[in-house]
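> Construct the complete structure from the given sequences, taking the supplied hints into account.
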Amino acid sequence: MPTNQEAVELFQGIADLLDVLGERFKPEAYRRASRSIESLTEDLGAIAARNELRTVPGVGDAIEEKIREFLATGHLDYYDRLRKEVPPGIVELLKIPGLGPKSARRFWLEPGVEGPAELADAIRAGKLEGMKGFGPKKVGQIQAALAAAGASPAGGRLPIEVAYPIAQRLVAGLRAAGGVEAIELAGSFRRARESVGDLDLLVTSAEPERVFDAFSRLPEVREVRLRGGTKETVVLTQGLQVDLRVVAPEAFGAAWQYFTGSKDHNVHLRSLARDRGLKINEYGVFRGDERVAGRTEAEVYATLDLAWIPPEIREDRGEIDAAARGELPSLVERTDLTGELHCHLAPAATPREVDRTIEAARALGLGYLGFVVAWETADGGRITLPAATVAHLDSVRSPGLRVGRAVEVGPSGPPGEWSPLRADYTVVRPTGKTPDPPTDPPKGPPVLVAHVGGESAARKWIAWARSAGAAIEVGPGAERLDSTGARAAREADVRLVLPTGVGNPEADPTRAVALGFARRAGTTKSDVRNAASAAEVTRAWAPRPRA
DNA sequence: GCCGTTTTCGGCCCGACTGTTTTCAGTCG
Numbered sequence: 001m002p003t004n005q006e007a008v009e010l011f012q013g014i015a016d017l018l019d020v021l022g023e024r025f026k027p028e029a030y031r032r033a034s035r036s037i038e039s040l041t042e043d044l045g046a047i048a049a050r051n052e053l054r055t056v057p058g059v060g061d062a063i064e065e066k067i068r069e070f071l072a073t074g075h076l077d078y079y080d081r082l083r084k085e086v087p088p089g090i091v092e093l094l095k096i097p098g099l100g101p102k103s104a105r106r107f108w109l110e111p112g113v114e115g116p117a118e119l120a121d122a123i124r125a126g127k128l129e130g131m132k133g134f135g136p137k138k139v140g141q142i143q144a145a146l147a148a149a150g151a152s153p154a155g156g157r158l159p160i161e162v163a164y165p166i167a168q169r170l171v172a173g174l175r176a177a178g179g180v181e182a183i184e185l186a187g188s189f190r191r192a193r194e195s196v197g198d199l200d201l202l203v204t205s206a207e208p209e210r211v212f213d214a215f216s217r218l219p220e221v222r223e224v225r226l227r228g229g230t231k232e233t234v235v236l237t238q239g240l241q242v243d244l245r246v247v248a249p250e251a252f253g254a255a256w257q258y259f260t261g262s263k264d265h266n267v268h269l270r271s272l273a274r275d276r277g278l279k280i281n282e283y284g285v286f287r288g289d290e291r292v293a294g295r296t297e298a299e300v301y302a303t304l305d306l307a308w309i310p311p312e313i314r315e316d317r318g319e320i321d322a323a324a325r326g327e328l329p330s331l332v333e334r335t336d337l338t339g340e341l342h343c344h345l346a347p348a349a350t351p352r353e354v355d356r357t358i359e360a361a362r363a364l365g366l367g368y369l370g371f372v373v374a375w376e377t378a379d380g381g382r383i384t385l386p387a388a389t390v391a392h393l394d395s396v397r398s399p400g401l402r403v404g405r406a407v408e409v410g411p412s413g414p415p416g417e418w419s420p421l422r423a424d425y426t427v428v429r430p431t432g433k434t435p436d437p438p439t440d441p442p443k444g445p446p447v448l449v450a451h452v453g454g455e456s457a458a459r460k461w462i463a464w465a466r467s468a469g470a471a472i473e474v475g476p477g478a479e480r481l482d483s484t485g486a487r488a489a490r491e492a493d494v495r496l497v498l499p500t501g502v503g504n505p506e507a508d509p510t511r512a513v514a515l516g517f518a519r520r521a522g523t524t525k526s527d528v529r530n531a532a533s534a535a536e537v538t539r540a541w542a543p544r545p546r547a
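Positions 1 to 547 (our numbering) are the ones given, in order, by the first sequence.
Don't read these hints as lab results, they were simulated from the structure.
C-beta: ideal position from N, C-alpha, C; glycine also.
Worth double-checking, as some hints may not be accurate.
[Said to hold, decoys possible] Listed below are the simulated DSS-like cross-link pairs for lysine-lysine, each with C-alpha atoms no more than 25 Å apart in a straight line: (1) 279 <-> 263; (2) 132 <-> 95; (3) 84 <-> 95; (4) 26 <-> 137; (5) 95 <-> 263.
[Claimed, not checked] Computed beta-carbon distance windows for the label pairs: (6) 228 <-> 145: 48 to 54 Å; (7) 329 <-> 143: 15 to 21 Å; (8) 145 <-> 168: 38 to 44 Å; (9) 329 <-> 350: 39 to 45 Å.
Below you can see the structure in the form of structure tokens.
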């Protein structure tokens, strides 16, 4: 059976083809359906089996029919027919920055160009001269874009944990340059999407020119792609595009809302506004010429009688209706976290490092801190912290902070059996030898599943965690649940664990990104194991030995 | 092709920027 991702690509492909064929509204309809499927947390096949495809936003009679055909046969006649009408290279042209469907169609129909390479040849041969709307400057841009596309294919999306430190540096750089009053990040970064295609920065400033100049001169900026009175677009050395916009303070909320998106969320808001005789744009909410809101996001939402909606769930997946009914979930906050359950130290960590970590936990106000004292590595090796270090963490008496021990093992044995060390609880991880969950539920102390990522592994381990009463860790990277996995876990009534960042100074993005993923999945405090009270979490831990 | 507390037909977010334009079209987000 085809995967959701294959359906996403199928409908995107149809949209591109329809675009080139000159269709007006169908392409957007297929893109809408494609985005909608992309944000599903369940297989299309399962939804189809329940006869609920029409509940997916953007799916109507025609697209439901096409999904069913695709699920049943693995292909789609309609798509195959469209592909016969358009040379494959014409769709490739759409990927060239600055070239859209109108231009691609004209190159195809007028000089008869059927792909990027042919277009480059046609330009060199002067075949575009005299084409209306394509003067020397435009042709030069296209030529440069074609060359750039050939040199570095796919300017793909960046994982958010990779983009995170880049974004922090850009913000810090702009602040240091001066002239900046408020500065915030928007776009899919703010919505905590797993990957970002670009970064959106929003600034208020009395001196936009000064800010743009400073932005252009940041060390990571490779080229300035465009610059106007209110926005500047640059490309960073590693290829990421960044948009910087300067807005007036009284419009900051409207602009932040607008540039945070998502597109579908904004379109929905706008149609609500229209129904009320209001107009929303990035400058504010207007009744006629009168601005009625715009300084803060909450103000903008309030004009539509909506509560402020957290950015992580602005995907037009029902959050607007929920806000209208006053039924938005109260999403987990950083300050809800009561402790850390998965703190790794270096294999040769000293007692001093234990103390430093405990200090960090105290600074965050955590009520418990579980150190992994022995662990099985991904390739089946075994590591135990130095005896003096383990003895030291047992001896620590820190008022208000309960220190615990965890042992991290593969799923093969009864958890913890191989370890000579007492453990308050067990962390289970898939290993190279045994990536699948054990058939029997674990016996003994409470269990946290960590280092699980990837769609199929996540599915299996969520099912196991459910039967075992275990929790699963959320966060960035291939070894933790992303927002889709977190939602699946939540829907299976499996508790989540969020990293606090304690004990891992390198992992600044980890804590923030994990929290974003959890919120994106609609997670509330009660879904998170390490947001319960310290007493509740540590109740099952072994009694402390006397010092 | 989708969608509906104004609609089952007639709409479909809206503005910045660029280049090529004598008033606008295309692209992008």
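> Decide, hint by hint, whether the structure agrees.
Comparing the hints with the structure gives:
no.	hint	in the structure
1	279 <-> 263	16 Å, holds
2	132 <-> 95	22 Å, holds
3	84 <-> 95	20 Å, holds
4	26 <-> 137	32 Å, violated
5	95 <-> 263	20 Å, holds
6	228 <-> 145: 48 to 54 Å	20 Å, violated
7	329 <-> 143: 15 to 21 Å	51 Å, violated
8	145 <-> 168: 38 to 44 Å	30 Å, violated
9	329 <-> 350: 39 to 45 Å	43 Å, holds
Checked against the numbered hints given earlier, this structure breaks hints 4, 6, 7, 8; the rest are met.
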